[in-house]
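Participant: Given these sequences and hints, build the entire structure.
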Amino acid sequence: MDRVLFGDNQFFGVNHMSEEKARAQSMRFQDGRAIIEVLEDAYAEGVKTFMCTTHERMGEICDFFRANLDRYPDYTFYPCMPYAHKYANAAAELGMLGAVRSFLPEENKFGALLKGGMSLARQDVEGLARLLIDAEMKMFAGLKTPVIFLQNVATDFLMGLGFDEAFKMFADWVRERYQAEPGFITMNAPMLQRRLAKLGIENPIICANINKIGFRMCGGMQAYEDLIAAGSCRLIAMSVFASGALAPQEALEYVCRFPNIQSILFGASSRRNIAQTKQLIDRLSPG
Amino acid sequence: MGLSHQAMVNVHPDIELKAVCDSSTYVLDVLSKYTGVQTYADYKKMLAEVPLDCLFVATPSRYHAEIVAEALERRLHVFCEKPFGLEPETGYRLADTAERKGLVNQVGYHYRFVAAFNEAKRLLDQKLIGELHHVRVEAYGPVVLRPKGSTWRAQKSEGGGALFDYACHAIDLTNYLIGAPISVSGTLLNSVFSNDVDDEIYSTLQYSERFYGQLATNWSDDSYRKMSVRLNFWGSNGRINVDRQEIQIYLRSDEGAAGGLTKGWNVRYTTELTRPVWFYVRGEEYSAQIDHFVQCIKTGTTPISTFRTASDTVQVAAMLRQDAGKPRTAVKLNAAAAAEARQTAAPAKRPRSFMRSLLDRF
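Chains as they are written, first to last, in this note's numbering: chain W, 1 to 287; chain R, 1 to 362.
Calculated directly from the structure, the hints in this document are not laboratory data. Don't take every hint at face value.
[Claimed, not checked] Here are the computed lysine-lysine pairs in the PhoX-like style, where the Cα-Cα straight-line distance is at most 25 Å: (1) W:Lys144 - W:Lys168; (2) R:Lys226 - W:Lys21; (3) R:Lys121 - W:Lys21; (4) R:Lys18 - R:Lys121; (5) R:Lys263 - R:Lys127; (6) R:Lys226 - W:Lys86; (7) W:Lys198 - R:Lys127; (8) R:Lys326 - R:Lys156; (9) W:Lys212 - W:Lys21; (10) W:Lys168 - R:Lys263; (11) W:Lys86 - W:Lys212; (12) R:Lys326 - W:Lys21; (13) R:Lys18 - R:Lys263; (14) W:Lys198 - R:Lys18; (15) W:Lys48 - W:Lys168.
[To be verified] Far from chain W by the CB rule (all over 12 Å, computed), these chain R residues: (16) Gln6; (17) Ala7; (18) Val20; (19) Val30; (20) Lys33; (21) Ala48; (22) Tyr92; (23) Arg122; (24) Leu188; (25) Tyr224; (26) Arg239; (27) Tyr250; (28) Leu261; (29) Asn266; (30) Thr271; (31) Val277.
Beta carbons: idealized from backbone N, C-alpha and C, even for Gly.
Facilitator: This is the structure:
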């Protein structure tokens, strides 16, 4: 994994500190070209991995990189699925099963089953999960996707329900179908690591909030620092600036002091901020 | 919501999930197979067979009253999703029953657990911006963008519509921050896309002789990524503007202000206001309200959102619906109409300004 990963919250009006900031950013990035320009800036600064949700608008970005493989031969995507609002909005409108049906490809063996009796479908949650993963991955065809993530809403929801086997289904399909490593985004990293270990998923890739003020680090900072020290998972730190609450130098001094944190995920919308962050990380990282 | 609550309840250290009841056999089968939880399709059977201390109700609103009544009869503490049924009279009766039996009763108005809104309440209680004279509460979101809805949300008889689903959040939160209104007027319930239910609600709410507010709710707005609730308060000493993630405070004078608040604009964010929770799924407030319910059972205290406060909210909603039928004042743009309006107009019942009332006294 690259040391520095680029995130996509700023492109889709997501800011966990301020709704006003989120709105302003979503206005700026309504046009896909504005997003691509920022990604090109990031590439020029040496940030070549884009960790992004499977938002419909991502299709346009994927098209661009497919069309420009010669210019960006080493550009890498880490898809994060599912984009929860897509499903939540559909579920509110169509009901849970209606929503699932709407995201499946037209021709599929479940089409008939979901319309009629569901007796067979009941037994094949794994098959359904595979179809949904494939639907989410479609836009990345032909692009490098060495790590594929389960979004935190899905991870934590399944973990809460105790549906741990879903993690195995996800991990197995990602490896088998995409020859990729499975990754898990979570707001409850210490709990997740324990669950994955029980499932036999060793040394998993876990992406979680890790910042100096403990913002959304569920389980407490001490539990996180213990998790980092244990070295039992490949950690990606996100929300390192706590959505803007921390100044860059102070924020990165904290995160970079842990050699067991493999990668840092951040988002930015100006070349200057991208450059500053990349340079700070390079300077502050051990070794 | 039901699955969401289940995920949190299942992981809470002080409470044990014993059984789940749902109308979807598909969901029950999956849950049973992959999580091992005991499942029921009939809630009465579940309540009869499984020894329980409390019940979480997250069914369509139409079924709330019946299920809650049965649970109270069996002396269970109850957490019920919002809105609390669809008829305030029934809601108040259930509140009486729960209180009489000493049972903890809570309703899922999660905005009462958002740190930024609680900070606003704290500052309003302190009268930091002086005497309030206006409030504007807005709730917008991208729920209904097409005419065809096939779930209970699209049917009035099932408790669908923005009034019960969206506006009730805004009404309940405002009630929490400044108390319930004493009158409503100029109410509009309007469909934008829906066939059977309301998509937007607007109204003027009165809080006292000199303090009025405006409610605006619209769930057919996809310029919002998700539901957005915002309140604006105007007082004699400034303004408070608050949403789920930040609070902006404008002070004319900082006398009596603490915590580093100064004259002019101050901003505080969720990153500094929100306390961590034991388990996070969609937002701290969802976990916090579950934990609150559990702690209230353990300590025998009254939750900050109860059957009674939720019935107040449904009552306000009922008043809005009643008010919406009232006649309006037509506008005609010609001299004859102007003359007629002048002759028939009653003297304007404007509340006296503070300065006027002071001067009147002398």
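Participant: Hints the structure violates: just list their numbers, smallest first.
Facilitator: 4, 7, 10, 11, 12, 13, 15, 16, 17, 18, 19, 20, 25, 30 and 31
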